[in-house]
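S.K.: Protein chains in written order, with the numbering used here: chain A, 1022 to 1315; chain B, 386 to 673; chain C, 6 to 361.
Hint data in this document are derived by calculation from the structure and do not stem from the laboratory.
All values reported here derive from a predicted model rather than from experimental measurement.
Positions of the beta carbon are idealized from the N, C-alpha and C atoms, including for glycine.
One should not assume that every hint holds.
According to the in silico footprint, chain A covers these stretches of chain B (three or more CB under 8 Å from chain A) [as the list claims (entries may be wrong)]:
no., stretch
1, 452-460
2, 515-529
3, 596-605
4, 653-661
Using 27 Å as the maximum straight-line C-alpha spacing, the simulated DSSO-like pairs for lysine-lysine come out as follows [stated by the list, open to error]:
no., chain 1, residue 1, chain 2, residue 2
5, C, Lys78, C, Lys121
6, A, Lys1264, B, Lys628
7, C, Lys78, C, Lys106
8, C, Lys78, A, Lys1031
9, C, Lys172, A, Lys1031
10, C, Lys172, C, Lys78
11, C, Lys106, C, Lys121
12, C, Lys182, C, Lys121
13, C, Lys78, C, Lys112
14, C, Lys172, C, Lys182
15, C, Lys25, C, Lys182
16, A, Lys1128, B, Lys666
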Amino acid sequence: MQRRVIFDNKALPYLLLAPQVAVTLIFFIWPAAQAVWQSVHLQDAFGLRSQFVWFENFEAVLADPNYLDTVRVTAVFSLSVTALSMGVALLLAVLADSRIRGAGAYKTLLIWPYALAPAVAAVLWMFIFNPEIGLLGRALNDLGYAWDYRLNGEQALTMVILAASWKQVSYNFIFFLAGLQAIPRSVLEAASIDGASAVRRFWTITFPLLSPTTFFLLVVDVVYAFFETFGTIHALTHGGPGKSTETLIYRVYQDGVINNDLGGSSAQSVILMVIVIALTAIQFRFVERKVHYS
Amino acid sequence: MRTDESAFGRRLMDAVPHVVLILGVLIFAFPIYITLIGSTWDAGTIARGNLPLTPGGEMLDNYARAWNETRGDRIIHTPVRIMMMNSLIMALVIALGKIAISIISAYAVAFFRFPLRMVFFWMIFITLMLPVEVRIIPTYEVVANMGLIDTYAGLTIPLIASATATLLFRQFFLTIPDELVEAAKIDGAGALRFFVDVVLPLSRTNIAALFVILFIYGWNQYLWPLLVTNSGDMETVVIGITKMIGNGEAATDWDLIMATTVLAMLPPVAVVVLMQRWFVKGLVDSEK
Amino acid sequence: MATVDLNRVRKSYGAVEAIKGIDIAVADGEFLVLLGPSGCGKSTLLRMVAGLESITGGEIAIGGRVVNGLEPKDRDIAMVFQNYALYPHMSVFDNMAYGLKIRGVPKAEIQARVAKAAEILELGRFLDRRPSQLSGGQRQRVAMGRAIVREPAAFLFDEPLSNLDAKLRTQMRVEIKRLQDRLGVTSLYVTHDQVEAMTLADRILVMNHGVAEQVGTPLEVYQRPASLFVAGFIGSPPMNVLDAHVEADGRTLALPCGAALPLPHPQPALNGREVKLGIRPEHVAVSADGALSVTVDLVEALGADTVVYGRLPNGEALLVRMAGLPVCREGETLRLDAPPPALHLFDGATGRRLED
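Same shape as in the complex, but just chain A (with noise of 0.2 Å):
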């Protein structure tokens, strides 16, 4: 935790930290109080005065059954995005992993969608599936399906999935290739003078082993899909159609932004900081316990 060289200055400290301080309490500390603050008051319409009323933003904002539908729709979404992104990258990174020729340029070829931002993926998509000008979109709808995410719903909450997986797969493929190095070859060797079969080798012993790795990436994954993915969403549906495609950090940014509804939006903020609160914590509990362990 702490060095036992250190340097004695008294003042120095302090100055070194005071940027930091002050912009983690001017632009973190502060609005995350502001917005606790917020949620347990009731402004009037001029936005003159407030009232304390406990929670009844909470209680209003979960009673909306609009709200509700939200939670619904964000559930579905981060769990499709979470699980395809990383189905798809464990799948990519095991085959890159294994000792083939070209490895190296492979990697190349799949980690630089890291680079994209959320919306720019979302961009490339709606480039492509757009049922009027895009290639995949128009051949759809000529082979006759009615394809056209702008009017349907569920073909909008398709889409703004297989976006936001789409982009967030380097990052897991990534990690799990990181997190397949670190396996001892010797390992894997033993298992395989055992006589394991290379399938069995993977689900009894990498698998098994990658689950650190594992378990951070399902942790980072929900995180992205519940606030990065914005970008995706206000690309691509803007939530529509209809409220198809709203998540809740959309919902915040329609409450509080667009509507105006400062005591509504900040207890939808508070709910979420619980929620990251509780996903770090968990995060913590679970690596402190690798620590441990290992």
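Knowing the structure of chain A, use the given hints to seat chains B and C on it.
M.R.: This is chains B and C only, laid out in the frame that chain A set:
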């Protein structure tokens, strides 16, 4: 001829990974290819939905118009050169700013013992749990009250505190041997001199890796610039694309939009490909 | 060049006392070795001289100037560390020059001093290399070069050879000895290796549990160990320690195994008391009418000499080291004798030598 048959079977099995990997590569490359092609045709060809799979002849014209002009045939947009400059400034200030304030605060936490050290450490640590999206509205209010809407300061400073980078640097600093610090003390170096002469040069790899990750993080910001920039002069290119698309009707300046998309992808992809070695190491290390 | 004086130097961490009052005056140009097992406080003491640890009590003076409150850089010392502590990103030249640059020494003089040190240490070819491109021995020479160029009042060595393999360690030991003869700088040298201590030291300070057990020349420490601890720590294999009873007549030592040995010097105060008897393995000799009868358990033939693990009739172990090839076999019984000058008497309770 059993042996031939099994040799053939084995070769088939060996080919499967390549087939799957090539398929994966294609799935990632195809949308980019389509966009590249699209950016070389005129808007009319794209709008009719008959985009050929080979390059057209409008490339220079499309890119020149997107880069310089504010007016397409159907849309009005901020010239891409201005948006790219805004994105570049945002990405650089965020990346370099985060690295700078993280490395000095990590140095303070790792190399000094002082009252409230752990309080500060935990204060930085909990910011891990508060992504900007979660506290977006109140943060926006703070920035608005400070009069920082439509400024580079408002665009960048709220994103500049980074627990991840601080933790990474601290982790690295804890591996610097005590004897090295003692040797420097005996050589006569004080805390600042040691930082400049020894710690900074030793951190080069970590700085490079973080720069890649944070540059991409900064370049790809979406919700925050969407809120704090109103004027076209401050628009970033990622936001600019979606504003140009609007509702995505068939009859719009798709040629310009596709050229802009290609331009928007270039800097971060170039950084990742050129600095791949540091980037992968940095990404994996920073999440440990 | 200067003297180093430690005056009742103490160090505590909270309630734990790590250094319990050390007094020593190191003469100008003297090579003092601090010897002891790990955790005895020898490194702490050296680091207190360097200014890397604070001083809880007492005084440390270098060249007659009390340095208790001075920073390491103001103490006019240079230090060589166990793990070399070279700056990994600097060339060999820059590593040696760094301390001089900070002190604002003119460029030309830095060049000259580094060149001279490099010549002494035969590092001339490596000046442009990074530490990672050097072998362990070369790195340690760079670390010494860094100390030499500073031309300090005193060198402090903290187990400088511990990270080297056995062969290189011997080689570097000889080099340090030559260097010391040539430069004649006052040196404090910490080690747990008695061979290093015996070969390098003008004087050895043997430490245990924060206390100076003995200060003396290597031969004094070997020939007249001041305590059971020193007796056991110096010498290989270690000294045999047996229970003994001084007969009332003051002339004979009775051993529980039944043997009787003559008391080396009459000490009336000891008459009738229990003592500890120390005999070095190399001072026991086979003798047909020897007083000690030993059954041989194990014989280790080392070529130049032979170590015999024997057992006295009452079961106590006795180590014997003989020159040359083995003259006995396992299971055999040997008669051994230890001449009176080879017998060391210690107080069983305090472990101190009973002076003769």
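S.K.: Would you mind marking each hint as holding or not holding in the structure?
M.R.: Hints and how they fare:
1. 452-460: violated (count 0)
2. 515-529: Satisfied; 13 residues make the cut.
3. 596-605: holds (count 3)
4. 653-661: holds (count 6)
5. C/Lys78 to C/Lys121: 22 Å, holds
6. A/Lys1264 to B/Lys628: 21 Å, holds
7. C/Lys78 to C/Lys106: 13 Å, holds
8. C/Lys78 to A/Lys1031: 19 Å, holds
9. C/Lys172 to A/Lys1031: 47 Å, violated
10. C/Lys172 to C/Lys78: 34 Å, violated
11. C/Lys106 to C/Lys121: 16 Å, holds
12. C/Lys182 to C/Lys121: 18 Å, holds
13. C/Lys78 to C/Lys112: Holds: lysine 78 of chain C and lysine 112 of chain C sit about 20 Å apart, inside 27 Å.
14. C/Lys172 to C/Lys182: Given pair lysine 172 of chain C, lysine 182 of chain C holds - Cα atoms ~16 Å apart, limit 27 Å.
15. C/Lys25 to C/Lys182: 31 Å, violated
16. A/Lys1128 to B/Lys666: 14 Å, holds
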